[in-house]
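Asker: Chain residues, written in single-letter form:
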Amino acid sequence: MNTPYIIYHMLRADFLERTRRSSFLLTLGLAILIGFIFLPPTDATNLMFALGPWRGVYNSAWIGSVYGILFAIFMPLLGFFLTKSTIERDRRTRVGQILATTPMSKPVYVLGKWLSNLTVMAAMLVIINLMAVFMQWLRGEVPQIDLLALSVPIWAIGLPLIALTAALAVFFETIPLLSGSAGNVIYVIAWYILMDNVALPGLFRYNIGDIVPWADPLGVTHVLSAMQAVGNQVTPDYRGFINFGGADFAVVPQVANFAGITWTADILMDRLMWFGIAALLDLAAALPFDRFDPARATSPEGKPSSLGIWLRSLLPNRKQNQPAEPAFALAGKVILTPITRRVHNSRFFSLLRAEFKLMVLGKPWWWYLIAVFVSLLGLGGPPGGGGITFALALIWPVIAWSSLGMRETFFDTYKLTYSASSPFRRQFMASWLSGVSLAMLAVSGATLRMLLEGHAERLPIIFVATLFIPTLAMALGTWSNSSRLFEVIYLSWLFMGANGVVPFDFLQTHQTTPNLGQLVAYMLLTLIFFGLSLAGRWRQIHAS
Amino acid sequence: MQLYISDVSKQYHGKVWGLRGFSLDLGPGIVGLLGPNGAGKSTMMNILATITRPTEGTVLWNGVDITRQPDALRRMLGYLPQSFGVYPNLTAQEFLEYMAAVKGLDPQTARRCIDELLQLVNLTEVRKRPLGGYSGGMRQRIGIAQALLNDPQLLIVDEPTVGLDPEERVRFRNLIADLAGERIVILSTHIVSDIEATATRIVIANHGRLVMDTTSERLLQAVDGKVWEWLIPSTELAAVKNAYLVSGTLRRADGIQMRVIADQPPHPEARSVTPTFEDAYLKIISNGKMQ
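For the protein sequence lines, the chains are S and H, in the order given.
Just so we're aligned, residue 1 is where the first sequence starts under this note's numbering, counting upward by one.
Just so we're aligned, residue 545 is where the second sequence starts under this note's numbering, counting upward by one.
Treat the hints with care, since some could be wrong.
Stated by the list, open to error - If you want the footprint, here are the derived chain S segments under chain H, 3+ residues with CB under 8 Å:
#	stretch
1	357-367
2	402-413
3	417-428
Claimed, not checked - Just a sample of chain H residues kept apart from chain S, beta carbon distances all over 10 Å, derived:
#	residue
4	Arg564
5	Thr596
6	Met682
7	Glu740
8	Ala741
9	Ala766
10	Leu775
11	Ala782
12	Ala787
Just so you know, these hints were derived from the structure itself, not from any lab.
Here a beta-carbon is modelled for each residue, glycine too, at the ideal position from N, C-alpha and C.
Could you build all of it, start to finish, from the sequences and the hints given here?
Answerer: Next up, the structure:
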């Protein structure tokens, strides 16, 4: 059997499996929605993407370039979370163990997985390209569709980017530390830092300076630079600022003609370089890949990590020389302790404590270390640093909250828990309250500090935030049966809020006085998410 | 104590019926639910465990409809599903503490029950070891322990011996036999010997329907005088398999010893032998294929 044949069939099976999943359709729907929102009708006063006080005329070059930029901003995040499960699925379904017994080498396997991730995202790129054609026809500002001007920016920006995202997804899956929720959190944080400071400097703040290809994995600086040049011609005092994410101009903004850029061989070579880097990164993933060896498996899919076992060995009362597997032997007649009192809704606090333990146990050692550090920082950090300490305090528990609502399905314990008494009133509520308790514990240091500094008026904001976050986790967990959706949405929400996008700033860190309207809006949102969580759990129970 | 299943049906997506018109009236004792894969056993177990709701029909626990009031049964229920997971980072002790809390046991009773059950399934020495490091058999024993935590009046065990070695299987059967008495134990399996060893009442299902509800004695009587053995040359094997319902073959130096189920002697040299559960089960399941 030759290698291309193996890779083709791995790619085909993976592609069919994933494009038939609801998560693919959901991501595609989201991408189409974003594409629709960012190209509003020609008479709209509120623009999601504008160059200062004007926008480009809806010709093929503008639409293709805007879609290319949008793809560059959103796809590395959406694509990563859409595709980062391919090796995990082989592990979970035990298909991996079968593959491990074949002559297929590790580089061939990771190559197949990379190409499979790439194909899934390329399918989305095709849909987005078609969407761009449709949108130009729909808006009708410039009837002539120039397919080349429309498609080249989408593919020149998009293809190397999805190659890189696909390789990163494989790479993260092969590194034990990065394969789980911790890896997702690290990816999102790294992504936002990269986007905010390196890859898209011109988008939010200032003019793009010299274009450095190796610092431009997104491949958008050439296009943005050309857009800013048009801006400078149209408005003399234009300072290169690009409105991204919503700007209401009260009147219909000006339009200017943007002819696009010439995709020279040099620019295309720069993009190709990222394709090469992606391929190398993917092949590098073959080194740490464990080839489904259960002896090297890490939690949660397989055996706990050796570090976890070692840490447990430090706990008191551990008996030494335990047998590998004690035999199942019955000693005499079986008599169970009779349960005389079977009270409905009893012992809720015991269950809450058990759910809390379940949520925080088994995390990597550094998670507990960060928890202690962040708590101390909240109490003893620099004066006036409330915003950042609250944001930090609400990042580290992400990998604990993200198990809310999905844990029972993910670990296949739902038949045990849902057949116990009152899965709604007791287990669901205890699980949700354990998330709320963790949120309150996480911000307790910073809250105490805030009160000592005399900002008691912000207490309701913090309280609502501690309800909002676990409720969001519960809602997304019960509907997606995965931790990733919450991780990506919550962290995006938190970072957008921290970057001053007011509707997402549930901590109101960018507002000097508490905004009551926003507080009420988040209370309502929490209620909506709570309702969604209940509906999601109902669905889980009755779909099982 | 009574579990009354009345005309229960379950339809899945795609209009596939997993169960059709299933009725049973159960009291204390061990009921063995037998059937081939796809017979509807697990669907029935899921309905009784209040995991799945029937499309039609009712299930009454001591007169209470469990579709409307599932908690009436859940407080009394012990359930060992056919397949289930555990939280790999929890130890056996922590996992059982969690399950005890989910079942609403008070901490003192929970501690006592956990100690008792860990001893019962002989996992006391490894109680502090994370479940992720447990073998399949050990996990199954943890499953058994969690099912017994609340001293259940209704114990449902679905394919319980899967993953256990032969020795463990025998011990598990003894455990089930010991646990009967004043509780209803429903043992669902496709392994006939598990039922043979423990059940007093036998229910056979096939294609989602109840085929037979009987006692072990009457089940055997159904094939009494209809099980035959004789020796054939190996060249005749295919022809005999084609003509009769074969329940066993044994290769010998002088040919193949056939064991078939038939109303009349299949061969002049065939002799009638004592029937087993497996013979009876095969006859009922393949009813219509036989001569």
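Asker: All the hints need checking, so say for each whether the structure fits it.
Answerer: Hints, verified against the model:
1. 357-367: Three-residue rule met by the stretch 357-367 of chain S, so holds; n is 4.
2. 402-413: holds (count 4)
3. 417-428: Coverage by chain H holds here, the residue count being 8 at a Cβ distance below 8 Å.
4. Arg564: The claim holds: arginine 564 of chain H sits with its nearest Cβ about 21 Å from chain S, beyond 10 Å.
5. Thr596: Violated, because the least Cβ-Cβ distance between threonine 596 of chain H and chain S comes to about 7 Å, which does not exceed 10 Å.
6. Met682: violated, 6 Å
7. Glu740: About 19 Å separates glutamate 740 of chain H from the closest Cβ of chain S, which puts it past 10 Å; holds.
8. Ala741: With a cut-off of 10 Å, alanine 741 of chain H remains clear of chain S, as the shortest Cβ separation is near 14 Å.
9. Ala766: Alanine 766 of chain H is indeed farther than 10 Å from all Cβ atoms of chain S, at 32 Å.
10. Leu775: Given a closest Cβ separation of 40 Å, the condition holds.
11. Ala782: For alanine 782 of chain H, whose nearest Cβ neighbour in chain S is about 33 Å away, the distance exceeds 10 Å, so it holds.
12. Ala787: Given that every Cβ of chain S is farther than 10 Å from that of alanine 787 of chain H, nearest at about 39 Å, it holds.
Checked against the numbered hints above, the structure breaks hints 5, 6 and satisfies the rest.
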